[in-house]
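**Q** Heads up: the sequence lines are chains L and G, in that order.
Residue numbers for the first sequence, in this note's numbering: 1 to 410.
Residue numbers for the second sequence, in this note's numbering: 411 to 696.
One thing to keep in mind: the hints can contain errors.
[Said to hold, decoys possible] Output of the computed footprint for chain L on chain G, the stretches with three or more beta carbons under 8 Å from beta carbons of chain L:
no., segment
1, 540 to 548
2, 612 to 623
[To be verified] Once the Cα atoms are required to be at most 20 Å apart in a straight line, the calculated SDA-like pairs of lysine to any residue come out as:
no., chain 1, residue 1, chain 2, residue 2
3, L, Lys212, G, Val529
4, L, Lys276, G, Thr413
5, L, Lys276, G, Phe540
6, L, Lys332, L, Arg70
7, L, Lys374, L, Glu164
8, L, Lys212, G, Gly669
9, L, Lys279, G, Glu531
10, L, Lys82, G, Leu513
11, L, Lys276, G, Pro533
12, L, Lys212, G, Leu659
13, L, Lys212, G, Asp629
14, L, Lys212, G, Leu520
15, L, Lys279, G, Gly538
16, L, Lys276, L, Lys374
[As the list claims (entries may be wrong)] On the chain G side, residues computed to face chain L include the following (Cβ under 8 Å):
no., residue
17, Asn417
18, Trp424
19, Leu520
20, Pro525
21, Tyr527
22, Asp629
23, Ser662
24, Val666
25, Met673
None of these hints come from the bench; they were simulated from the model.
C-beta: ideal position from N, C-alpha, C; glycine also.
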Amino acid sequence: MKRLRVLLCAAVVLTLAISLPAAATTAAAPIKIGFVYIMSGPFATYGQFAKQGAEMAIDEINRAGGILGRTVEARFEDSTGKPDVGIRVFRKLVFQDKVDCLVGLDSSGVANAVVPALLQMKTPLIITHAATPDATGSLCNRYTFRISLNLSQNVKAAALIAAETKARTWTTIGPDYAFGYQSWEYFQKYLKQIKPEVSFLPDGQVAFPPSKTTDFSAYITKIMQAKPEGVLISLWGGNLIDFVRQADQMGFFNGEFQVLMTLGGAVEVLDALRDKMPKGIWVGTRYWFLANESALNRRFREDYFSRYSQYPSYNAHGAYGAVYAYKAAAEKAAATDKEAVIKALEGLSLELPVGPITIRPEDHQALTDACWGKTFADPAYPIRILKPMRVFAGEEITPPVSETGCRMTP
Amino acid sequence: METLVINTLNGLSWGMLLFLISMGLTTVFGVLGVLNFAHGALFMLGAYVCMQIMQIVPSFWLGLALGPLLVAALGVLIERYLLRRVYARDVSFQLLLTFAILLVLDDAVLILWGPAYHVVEAPPLLAGVFRLFGHTYPVYRLFLIIVGPMVGIGLWFFFQFTRWGRIVRAAALDREMAEGIGIRVPLLFSAVFGLGAWLAALGGALAAPQQSVAPSMGDRIIIESFIVVVIGGLGSFPGAFVGALFLGLLESFGTVFAGHAQMALPYLLLAVVLLVRPRGFFGREV
Numbered sequence: 001m002k003r004l005r006v007l008l009c010a011a012v013v014l015t016l017a018i019s020l021p022a023a024a025t026t027a028a029a030p031i032k033i034g035f036v037y038i039m040s041g042p043f044a045t046y047g048q049f050a051k052q053g054a055e056m057a058i059d060e061i062n063r064a065g066g067i068l069g070r071t072v073e074a075r076f077e078d079s080t081g082k083p084d085v086g087i088r089v090f091r092k093l094v095f096q097d098k099v100d101c102l103v104g105l106d107s108s109g110v111a112n113a114v115v116p117a118l119l120q121m122k123t124p125l126i127i128t129h130a131a132t133p134d135a136t137g138s139l140c141n142r143y144t145f146r147i148s149l150n151l152s153q154n155v156k157a158a159a160l161i162a163a164e165t166k167a168r169t170w171t172t173i174g175p176d177y178a179f180g181y182q183s184w185e186y187f188q189k190y191l192k193q194i195k196p197e198v199s200f201l202p203d204g205q206v207a208f209p210p211s212k213t214t215d216f217s218a219y220i221t222k223i224m225q226a227k228p229e230g231v232l233i234s235l236w237g238g239n240l241i242d243f244v245r246q247a248d249q250m251g252f253f254n255g256e257f258q259v260l261m262t263l264g265g266a267v268e269v270l271d272a273l274r275d276k277m278p279k280g281i282w283v284g285t286r287y288w289f290l291a292n293e294s295a296l297n298r299r300f301r302e303d304y305f306s307r308y309s310q311y312p313s314y315n316a317h318g319a320y321g322a323v324y325a326y327k328a329a330a331e332k333a334a335a336t337d338k339e340a341v342i343k344a345l346e347g348l349s350l351e352l353p354v355g356p357i358t359i360r361p362e363d364h365q366a367l368t369d370a371c372w373g374k375t376f377a378d379p380a381y382p383i384r385i386l387k388p389m390r391v392f393a394g395e396e397i398t399p400p401v402s403e404t405g406c407r408m409t410p
Numbered sequence: 411m412e413t414l415v416i417n418t419l420n421g422l423s424w425g426m427l428l429f430l431i432s433m434g435l436t437t438v439f440g441v442l443g444v445l446n447f448a449h450g451a452l453f454m455l456g457a458y459v460c461m462q463i464m465q466i467v468p469s470f471w472l473g474l475a476l477g478p479l480l481v482a483a484l485g486v487l488i489e490r491y492l493l494r495r496v497y498a499r500d501v502s503f504q505l506l507l508t509f510a511i512l513l514v515l516d517d518a519v520l521i522l523w524g525p526a527y528h529v530v531e532a533p534p535l536l537a538g539v540f541r542l543f544g545h546t547y548p549v550y551r552l553f554l555i556i557v558g559p560m561v562g563i564g565l566w567f568f569f570q571f572t573r574w575g576r577i578v579r580a581a582a583l584d585r586e587m588a589e590g591i592g593i594r595v596p597l598l599f600s601a602v603f604g605l606g607a608w609l610a611a612l613g614g615a616l617a618a619p620q621q622s623v624a625p626s627m628g629d630r631i632i633i634e635s636f637i638v639v640v641i642g643g644l645g646s647f648p649g650a651f652v653g654a655l656f657l658g659l660l661e662s663f664g665t666v667f668a669g670h671a672q673m674a675l676p677y678l679l680l681a682v683v684l685l686v687r688p689r690g691f692f693g694r695e696v
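Could you build the full structure based on these sequences and the hints that come with them?
**A** See the structure below:
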């Protein structure tokens, strides 16, 4: 009797073992995209907005039949802004969740750590926010792509605007990590090329407050006392909100010097500041929802607003764009095999709400437009909008591959 | 002259905020012997609750009065139902527990209010600026410079001269003896922890008009509060005051004169004090 039972169990198990894999292959497996953003801590809002953009894109695509007939699924992980955590969650997504593509990254620090690790993970990553030029520059590799505006592009636009102002001595206030330092380094390089007579204040008269700073008064005082003619501000997120409120009260925006904020046009910043954002300040962003009146952009911002009751921020647009870029690449390659998708992404041109972009095959950086504008109070919007707007074409602001330091091994 | 005055004001306003947070930390340590890692989260909660109250009734003064009281009540609950269980055990249990509470509160705030940045308006009375050396300076910072010592003096007065204050000091000095003469020490501990939470939350509510209310906003100030408490002397009020003042001014002037080294200054100060005088400026002999 016992022997019969054992045989019966074995038979059941064997039948299941044979039939289940077969069952899995008859229904089309979904395409999995892994998203890694900062989901906790002071920059959690960026991860939240990216998730919103990604989910909207995936819902739209699934409603229209998916990619190559397969539904798309998302997996979101929290990088917490730390490189070691970033690498860990990337590995989990690739080896455990078996994602077909990776999308992400808010922190340039995490990007610089994760990009070399992709060589082992052999999975394409589409960067949508982290702006360090190194990701498609000195650290470039065949798995790393970026569809968003990077630091060198945005700062080139800043330099072009700065050159048109009367300011000749410049200083900076930026966060105390690679992003702040590189923004300043590239700004000096580009502005000097356009307007050789400018000068830059020395180390003792620039400010790089640590990211955890909440009281910027000492830095504000330091810069104001240095009496510059222009200040480049590369602070972002919560830092920028705190800084603007505190600086405004200390007379920073009284017009004594020119102020440029490379990420002042971020919707999360404008939304938090509302009337506290001074008017007439040049600000940049990675995507401005009113910069482009194409049908695609109009539909994107209306759908986003009706779904989330907010204007789309650049992080939402980035994640949204990455999903569509992946779709375009998979359809171009007629496969979701990672190598085929990588080949298809190189040189890919597609239209996104920000405008048409082309992913340069030599360094995998997208040529995309940059929008800067002066903050303006428009009664139709609860936040400051940009008016006048200056849109810089991707070709005008993207450095040639030879300058990026990228040497891609095929 | 201008640099000196403005930097002093900057340093004092930051220092006084630090003082408020450190007072709560040092009181809880002095009386309960607990180093509360969740103190920064209570600071953050104070800011969030104040903001929430202001969304219902747009009055900063109401938020300032009511918010910290609500957080203090939460503090009492935490002490009564969580912390009390680990007093008898090794100190490491306390640290783990308060750290766990910090993580839980951080995520709770994310769930309840979402990750977005919130901004709290200063009340019209304090929202203005005044002219200083040809620039403007916010009135609110002056308010902080005044409020800090006021709360400090009030609390010091309470501990020195009132009956309840003496009872608390007695329990801190010798717990068994205090229980022996009939003081209900467990109740007292809950009350003191609630006071510590109230001070942290008060700091949070006061900080809210100046900095954005965001997740993990307590991170930076809590690290510096620990430094203040150690250099001032664990459990010492005047120590917290002097330590906070010193650190605030050091950071303010350090930013201008020390350049990149400025970030290291608080930690260097901590290291020096620990090496030269480990009990801090006003600490008792261990």
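**Q** Each of the hints needs a verdict: does it hold here or not?
**A** To see whether the hints hold, each was checked on the structure:
no.	hint	result
1	540 to 548	holds (count 4)
2	612 to 623	holds (count 4)
3	Lys212(L) <-> Val529(G)	holds, 17 Å
4	Lys276(L) <-> Thr413(G)	violated, 26 Å
5	Lys276(L) <-> Phe540(G)	holds, 18 Å
6	Lys332(L) <-> Arg70(L)	holds, 15 Å
7	Lys374(L) <-> Glu164(L)	holds, 14 Å
8	Lys212(L) <-> Gly669(G)	holds, 17 Å
9	Lys279(L) <-> Glu531(G)	holds, 19 Å
10	Lys82(L) <-> Leu513(G)	holds, 17 Å
11	Lys276(L) <-> Pro533(G)	holds, 15 Å
12	Lys212(L) <-> Leu659(G)	holds, 18 Å
13	Lys212(L) <-> Asp629(G)	holds, 7 Å
14	Lys212(L) <-> Leu520(G)	holds, 18 Å
15	Lys279(L) <-> Gly538(G)	holds, 19 Å
16	Lys276(L) <-> Lys374(L)	holds, 15 Å
17	Asn417	holds, 6 Å
18	Trp424	holds, 5 Å
19	Leu520	holds, 6 Å
20	Pro525	holds, 3 Å
21	Tyr527	holds, 4 Å
22	Asp629	holds, 6 Å
23	Ser662	holds, 5 Å
24	Val666	holds, 5 Å
25	Met673	holds, 6 Å
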